[in-house]
Amino acid sequence: MEQQLPNEPLFELQVDHDSGTRFKESAKWGQFVAIIYFIGLGFFLLGLTFGSAMIVTALAEKMPLMAASGGLIIGALFIVAAIYVFIAIQLYRYCTLMRAAIDRQDLPTFHEALKALKNYFLVSGVVALLTFAWSLFTTLSSLF
Amino acid sequence: MVPFYYTQLTILNNRSKALQMDTNTNPNTSDNLFDLAIDDTARSLLKTAATWAKIVAIVGLAGAALAVIEAFAGNRAAGSMTIASSVLIAIVTVVFSVILNIFLLRFASNIQSGLSGMNQANFNEGVNSLALYLKCMGIFIIVAISLAILFVLIFSAFMGMR
Chain A
328 MEQQLPNEPL FELQVDHDSG TRFKESAKWG QFVAIIYFIG LGFFLLGLTF GSAMIVTALA
388 EKMPLMAASG GLIIGALFIV AAIYVFIAIQ LYRYCTLMRA AIDRQDLPTF HEALKALKNY
448 FLVSGVVALL TFAWSLFTTL SSLF
Chain B
16 MVPFYYTQLT ILNNRSKALQ MDTNTNPNTS DNLFDLAIDD TARSLLKTAA TWAKIVAIVG
76 LAGAALAVIE AFAGNRAAGS MTIASSVLIA IVTVVFSVIL NIFLLRFASN IQSGLSGMNQ
136 ANFNEGVNSL ALYLKCMGIF IIVAISLAIL FVLIFSAFMG MR
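Read top to bottom, the protein sequences are chains A and B.
Residue numbers for the first sequence follow my numbering, beginning at 328 and rising by one.
Residue numbers for the second sequence follow my numbering, beginning at 16 and rising by one.
Because the hints were derived from the structure by calculation, they are not lab data.
Small disclaimer: the values here were computed from a predicted structure and weren't measured.
For every residue, glycine included, the Cβ atom is placed at its ideal position computed from N, Cα and C.
Just so you know, not all the hints are guaranteed correct.
Stated by the list, open to error - Straight-line distance between alpha carbons at most 25 Å, and here's what the computed DMTMM-like set of lysine to aspartate or glutamate pairs gives: (1) B:K150 / A:D343; (2) B:K69 / A:E352; (3) B:K69 / A:D345; (4) A:K355 / A:D430; (5) B:K62 / A:D430; (6) B:K62 / A:E339.
To be verified - Taking CB as the label site, the calculated pair distances span: (7) A:F471 / B:F170: 30 to 38 Å; (8) B:S128 / A:L392: 46 to 54 Å; (9) B:N134 / A:L434: 18 to 26 Å; (10) A:I416 / B:M176: 18 to 26 Å; (11) B:F155 / A:A460: 22 to 30 Å; (12) A:L457 / B:S101: 32 to 40 Å; (13) B:A80 / A:A385: 16 to 24 Å; (14) B:S101 / A:L399: 23 to 31 Å; (15) B:S128 / A:E388: 54 to 62 Å; (16) A:A460 / B:V83: 16 to 24 Å; (17) A:A380 / B:N134: 24 to 32 Å.
Produce the entire structure from the sequences given, and follow the hints as far as they go.
Structure follows, in structure tokens:
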């Protein structure tokens, strides 16, 4: 009688020499990107902290109807900055943990790195969806 | 006189000892590279990451198309110089965005197919695309910072001449 072969493959996927090198390369560049994120966000938060009064005054002069919501806009900008800080932290965590995981061949650290990568893409995805919805709304409203 | 086979045996023994020492002191030898297996936890985390990366890439490509529409169709009341500069900026941004999002889309689809088909080649290609995505992002940041510094220098020189 012919025996049916199981669907499961014989070997599981592994981080071999090729993928290990690529993971490390991604961590190297990702760390650079994350550091630039931190520097940019630092400047943005500094500007927002010291320039918030100026922004509210300018808003009251240019758009008197929006004068009352000046504080709300500043608050929203702080929330946006906090979200981007979270994204930068997750990217930095992925990079440092992935480097350590590949160097030490440590599976729990590898899991932590992948978790940080998942969080990075998850929050980036939500932000991208919200930004796209907003830009679609503004484009359509400017066209029609 | 030492026999020839004894010399050969000593050399082999020394080589074996050196290899053993290297394996003990250096944990990054190629033998250890296969310790990291893609188990169920890693598989689940990678699948979720790839799904969200695909969403980011598709939304990014759609956003690039929207930016082109806005650059060409919007801002009709502005002067020709303003329209030309906004179209140029939009094209440069769109080119960067398309390149990045294609790498991200390749990462997502290769990782998904690698995980579902247990295909090591696809998995490796996916990881390579992730590395290329982050590398391109880093290079674009360097280019953007350099251009910003150049514009500031040109602008300050121009203001100094007036």
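We went through each hint and held it up to the structure:
Distance hint between K150 of chain B and D343 of chain A is fulfilled; the C-alpha atoms sit about 21 Å from each other, no more than 25 Å. For the given pair, K69 of chain B sits about 21 Å from E352 of chain A by alpha-carbon distance, which is consistent with the 25 Å threshold. Taking the CA atoms of K69 of chain B and D345 of chain A, the gap is near 23 Å; set against the 25 Å cutoff, the hint holds. Between K355 of chain A and D430 of chain A the alpha-carbon distance is near 13 Å, which keeps this suggested pair within the 25 Å criterion.
Between K62 of chain B and D430 of chain A the CA atoms are separated by roughly 24 Å; this keeps the pair inside 25 Å, and the hint holds. Distance hint between K62 of chain B and E339 of chain A is fulfilled; the C-alpha atoms sit about 15 Å from each other, no more than 25 Å. Between F471 of chain A and F170 of chain B the Cβ separation comes to about 37 Å, which falls inside the hinted range of 30 to 38 Å. Hint check: S128 of chain B to L392 of chain A, Cβ distance near 53 Å, so the stated range 46 to 54 Å holds.
The given range of 18 to 26 Å is respected by N134 of chain B and L434 of chain A, whose C-beta atoms sit roughly 21 Å from each other. Taken as a hint, the range 18 to 26 Å is violated for the pair I416 of chain A and M176 of chain B, whose Cβ atoms sit roughly 45 Å apart. For F155 of chain B and A460 of chain A, the Cβ-Cβ distance of about 25 Å falls inside the hinted range of 22 to 30 Å, so the restraint holds. Separation of L457 of chain A from S101 of chain B is about 24 Å and departs from the stated range, judged on CB atoms against 32 to 40 Å.
Checking the proposed 16 to 24 Å range against A80 of chain B and A385 of chain A shows it is violated: the Cβ atoms sit about 33 Å from each other. Taking the beta carbon of each, S101 of chain B and L399 of chain A are about 29 Å apart, inside 23 to 31 Å as hinted. Between S128 of chain B and E388 of chain A the beta carbon distance is about 56 Å. The supplied range of 54 to 62 Å therefore holds. Look at A460 of chain A against V83 of chain B: about 18 Å separates their beta carbons, and that is inside 16 to 24 Å.
Between A380 of chain A and N134 of chain B the CB atoms are about 58 Å apart, so this pair departs from the stated range of 24 to 32 Å.
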